[in-house]
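Engineer: So the chains spell out like this:
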Amino acid sequence: MTAALDIVDLCKHFGSQLVVDHLSFRVEAGEIFGLLGPNGAGKSTTINMIAGGCRIGSGAIRVFGQPVLRSARRSRAARCQLGVIHQELIADPFFTIHQALQLQPGFYGTRLDPHWYAHIIERLALTPYLHKPVNHLSGGTKRRFMLAKALIHKPALLILDEPSAGVDLELRHSLWQFIRDVNRSGTTVLLTTHYLEEAEQMCQRVAILKQGRLVALDATERLKQQIQQRQLHVSLSRPLLAIPPALMPWQPQLSSGGRALQLRLPAETSVCLLLTQLQQLGLDISDFDTSGPTLEDVFLHLTRDAASAKTTGAPHVQ
Amino acid sequence: MFNSRRCFTTLLLKEIRRFTRVYSQTLLTPVMIAVLYLFVFGATLGQRISVVDGFSYVQFVTPGLILMGIINNAFSNTSSSLFMSRHLGSIADLLVLPLSACQIVAAYCLAAMLRGMLVGTAVGLIARIFTPLPWSHPFLAALMALLASFLFALLGLIAGLFANSFDGLSMYINFVLLPLIFLGGVFYPVSILPPLWQKLSLCNPLLYLLDGFRHALLGFGELELALSFGLSLAGALVLFGVAVYLIEHSPRFRP
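Chains as they are written, first to last, in this note's numbering: chain A, 37 to 354; chain B, 56 to 310.
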């Protein structure tokens with residue numbers, strides 16, 4: 037089956053700086069794929085090379101089998117299949133939401149589908165703002181408008197660069213739900229995000245970049261299984277004033293005025309033995325709970341260790 | 056079904072809507088300025104000035120004022136549109152579109168030409184209040200006006216691509232465009248200049264456009280009409296090639 041996106045040995049220099057370093061990965065048709073990494077990891081540059089925002093340095097990109105080339109004219113077939121939301125809030129002051137959305141499909145050589153237009157407007161709650169100039173909208177409304185604009189021509193691959201940056205929690209969750217629905221209707225989604233919770237909830241697979249290089253690529257759940265570490269959350273009846281030095285190996289974190297203690301447990305550590313040790317230290321335990329690793333743990337683990345991965349040249353890729 | 060022509064016409068429509076939405080700034084203001092020039096030279100000073108036998112001064116200066124409106128607005132439209140989209144970041148929306156460099160240049164230029172021609176037509180119609188014009192070769196006049204708007208739309212596009220700030224953009228307007236206009240024979244015939252200045256004036260591309268346009272309107276010109284037309288056409292074609300090359304290859308447009 038043709039991949040929605042196939043990137044092979046992609047490189048990009050800005051001046052003498054290598055910002056994307058021999059990057060290769062595939063996004064299968066129908067999945068939601070996350071591209072994660074700290075600032076300056078090369079996520080946006082990669083997305084820009086796919087979408088046409090900047091030229092490919094070297095390597096190859098194919099969108100549903102169609103090549104993205106340095107020549108814009110010869111990349112048309114690939115670009116027609118893309119819908120893109122840029123990281124920055126872009127507002128063309130000359131148009132209202134309605135005018136901009138009416139024009140947008142024409143840029144991709146198609147006609148506006150009125151039913152699809154009505155559906156998008158309704159789902160993204162843009163009806164009250166239709167006749168407002170785009171530059172008069174709030175940040176959250178601009179973000180929803182940008183999503184509507186990226187989808188109005190029914191792209192096969194939706195590229196979202198930080199889609200929920202700067203939006204409040206409620207709107208973020210409604211955007212996630214909408215993107216999931218769009219994905220269920222057949223659109224492949226590639227997203228970059230700084231919200232690891234977003235990637236964890238949305239993405240079937242994630243790739244993690246560090247300094248332009250791929251340091252991990254796997255199903256989200258499998259990546260989390262890599263981290264052989266749990267967390268122990270302990271509630272205390274009496275507040276703890278200072279952390280006993282004996283707990284330092286478990287990276288303790290004290291909160292709720294000394295009534296909540298969090299410890300990181302390596303796989304081989306027995307919870308029972310640790311609880312006994314806590315009681316021996318005089319801690320008055322009222323309740324406890326354990327949780328598995330989050331994508332954030334994986335991310336921190338991998339990006340912190342990326343320097344060593346770079347020297348060994350062995351990213352975790354499946 | 057993908058339709059390449061629709062991509063192009065949509066960009067053209069967007070560029071036209073961009074300037075018609077702020078018509079008081081993009082259409083009415085330049086017409087007003089030209090009308091003030093016409094009033095000064097037509098109803099007041101012009102009656103005391105005579106530079107060419109057989110024509111009043113306002114007749115002589117009117118083709119220049121029409122052409123000045125055309126080229127100023129064609130230049131401003133492309134330069135401000137491209138520069139503003141680079142400045143505001145909305146160029147990112149343009150870069151992802153399935154449009155060729157040739158289509159982008161053509162869409163920007165056609166919208167700018169339309170703005171220039173609308174201003175030029177309005178100035179031409181209002182000028183009839185002040186003086187009758189012979190309109191010796193109306194088809195040729197339209198052709199020269201289109202060529203002038205095309206050439207300066209291309210120059211504006213290139214300026215919009217190279218300008219790094221509003222200051223930089225105004226430098227192109229104040230230190231390139233305005234001297235070309237004022238030293239290109241809008242207000243005086245080049246033949247009244249000293250020989251050295253006459254020779255220098257021949258380096259001004261606007262001189263050929265203006266002389267050809269004046270020739271077409273009044274039946275009077277200082278240069279060979281074929282030379283004016285040929286050089287202007289050649290200049291426009293070369294600039295079109297340069298603009299397409301820059302849009303396709305320049306890192307200023309696509310890093």
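If you're looking for bench data, these hints aren't it; they were derived computationally from the structure. Don't take every hint at face value.
What the hints assert, rightly or not - 25 Å max Cα-Cα, derived SDA-like pairs, lysine to any residue:
hint: 1; chain 1: A; residue 1: LYS260; chain 2: A; residue 2: SER60
hint: 2; chain 1: A; residue 1: LYS260; chain 2: A; residue 2: SER273
hint: 3; chain 1: A; residue 1: LYS260; chain 2: A; residue 2: LYS190
hint: 4; chain 1: A; residue 1: LYS178; chain 2: B; residue 2: TYR227
hint: 5; chain 1: A; residue 1: LYS178; chain 2: A; residue 2: ASP217
hint: 6; chain 1: A; residue 1: LYS178; chain 2: B; residue 2: LEU143
hint: 7; chain 1: A; residue 1: LYS190; chain 2: B; residue 2: THR64
hint: 8; chain 1: A; residue 1: LYS168; chain 2: B; residue 2: VAL77
hint: 9; chain 1: A; residue 1: LYS178; chain 2: B; residue 2: LEU251
hint: 10; chain 1: A; residue 1: LYS168; chain 2: B; residue 2: TYR227
hint: 11; chain 1: A; residue 1: LYS168; chain 2: B; residue 2: LEU143
hint: 12; chain 1: A; residue 1: LYS168; chain 2: B; residue 2: LYS254
hint: 13; chain 1: A; residue 1: LYS190; chain 2: B; residue 2: ILE184
hint: 14; chain 1: A; residue 1: LYS178; chain 2: B; residue 2: HIS192
hint: 15; chain 1: A; residue 1: LYS190; chain 2: A; residue 2: ASN75
hint: 16; chain 1: A; residue 1: LYS168; chain 2: B; residue 2: GLN80
hint: 17; chain 1: A; residue 1: LYS168; chain 2: B; residue 2: THR75
hint: 18; chain 1: A; residue 1: LYS260; chain 2: A; residue 2: THR330
hint: 19; chain 1: A; residue 1: LYS190; chain 2: A; residue 2: HIS151
hint: 20; chain 1: A; residue 1: LYS168; chain 2: A; residue 2: ALA192
hint: 21; chain 1: A; residue 1: LYS168; chain 2: A; residue 2: LEU232
hint: 22; chain 1: A; residue 1: LYS178; chain 2: A; residue 2: GLN247
hint: 23; chain 1: A; residue 1: LYS168; chain 2: B; residue 2: ARG141
hint: 24; chain 1: A; residue 1: LYS178; chain 2: B; residue 2: TYR243
hint: 25; chain 1: A; residue 1: LYS178; chain 2: A; residue 2: LYS260
hint: 26; chain 1: A; residue 1: LYS168; chain 2: B; residue 2: SER140
hint: 27; chain 1: A; residue 1: LYS260; chain 2: A; residue 2: LEU319
hint: 28; chain 1: A; residue 1: LYS168; chain 2: B; residue 2: TRP252
hint: 29; chain 1: B; residue 1: LYS254; chain 2: B; residue 2: GLY223
hint: 30; chain 1: A; residue 1: LYS168; chain 2: B; residue 2: SER59
hint: 31; chain 1: A; residue 1: LYS260; chain 2: A; residue 2: ASN75
hint: 32; chain 1: A; residue 1: LYS260; chain 2: A; residue 2: PRO280
hint: 33; chain 1: B; residue 1: LYS254; chain 2: B; residue 2: TYR243
Engineer: Return the numbers of the hints above that this structure violates; sort them in rising order.
Structural biologist: 2, 3, 4, 9, 10, 12, 13, 14, 15, 20, 21, 22, 24, 25, 27, 28, 29, 30 and 32
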